[in-house]
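Trainee: Residue numbers 114 to 320, in my numbering, belong to the letters of the sequence shown in order.
Among the hints, erroneous ones may be present.
Stated by the list, open to error - Cβ pair distances, simulated, as ranges:
(1) Pro-182 - Arg-311: 36 to 44 angstroms
(2) Pro-274 - Gln-207: 21 to 29 angstroms
(3) Glu-271 - Pro-182: 19 to 27 angstroms
(4) Trp-264 - Arg-294: 28 to 36 angstroms
(5) Gly-195 - Ala-232: 32 to 40 angstroms
(6) Ala-296 - Ala-144: 36 to 44 angstroms
(7) Pro-293 - Arg-183: 18 to 26 angstroms
Calculated directly from the structure, the hints in this document are not laboratory data. Every residue, glycine too, gets a C-beta built ideally from N, C-alpha and C.
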Amino acid sequence: MTGTPDTPDARSGPDAASGPDARNREGGEHAPPAVATLGGGCFWCLEAVFQRIRGVHDVVSGYAGGHHPRPTYREVCRGTTGHAEVVQITFDPQVVTFRQLLEVFFAIHDPTTPNRQGADVGPQYRSIILHHDRAQADTAREVMAEEAEGWSAPIVTELVPFEVFHPAEREHHRYYDRNPRQAYCRLVVDPKVQTARRRFSHLLAES
114 MTGTPDTPDA
124 RSGPDAASGP
134 DARNREGGEH
144 APPAVATLGG
154 GCFWCLEAVF
164 QRIRGVHDVV
174 SGYAGGHHPR
184 PTYREVCRGT
194 TGHAEVVQIT
204 FDPQVVTFRQ
214 LLEVFFAIHD
224 PTTPNRQGAD
234 VGPQYRSIIL
244 HHDRAQADTA
254 REVMAEEAEG
264 WSAPIVTELV
274 PFEVFHPAER
284 EHHRYYDRNP
294 RQAYCRLVVD
304 PKVQTARRRF
314 SHLLAES
């Protein structure tokens, strides 16, 4: 992965229980959008998968879980800021649930390798769930316990409260869609997209 060290502005992610009300066609109440923040290796991979899930409104690549107030890609890659590469997912919980997003999440990365996904090595590639409320934390614990039964090694996914999300530099957004023939996209991202298509076809927005 490569990128330029532009400095993005930090922003706090929207709370899962807040947001403008939407109305459905019958004029009834509609649940406000919810937010999930997940990290499991390169954010290009997670973004490419989650933006294809039905009910997902937006997926933004960025950094979370660290201590530097304005992290850049280059600093995060050095491993000095404490941040993980993550995606912030805004979704309709009446169309796709947080549990379903976690099931996809655990299917497209290895949650048993500390600070590593394949050839991507460093604390920025650690497996992490940053929960936005108690309900998300409880769901994450349940899913992690279920997933642990399918792995021979212990799951090392961090489960921590969400604090601040820092959007990544512009060139990282929608990277797979803009660079489908780039070597990393073909060799690393595309297999994860294909896994999602094969295992979660019922959740895909695309035909």
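Trainee: Next step is simple, just say for each hint if it's right about the structure.
Mentor: Status of the hints after comparison with the structure:
1. Pro-182 - Arg-311: 36 to 44 angstroms: With a Cβ separation near 41 angstroms, Pro-182 and Arg-311 satisfy 36 to 44 angstroms, so the hint holds.
2. Pro-274 - Gln-207: 21 to 29 angstroms: Between Pro-274 and Gln-207, where Cβ atoms are some 25 angstroms apart, the hint holds.
3. Glu-271 - Pro-182: 19 to 27 angstroms: holds, 21 angstroms
4. Trp-264 - Arg-294: 28 to 36 angstroms: Taking Cβ atoms as reference, Trp-264 and Arg-294 lie about 33 angstroms apart, which means the hint holds.
5. Gly-195 - Ala-232: 32 to 40 angstroms: violated, 22 angstroms
6. Ala-296 - Ala-144: 36 to 44 angstroms: holds, 41 angstroms
7. Pro-293 - Arg-183: 18 to 26 angstroms: violated, 31 angstroms
Going down the numbered hints, you'll see the structure goes against 5, 7, while the others check out.
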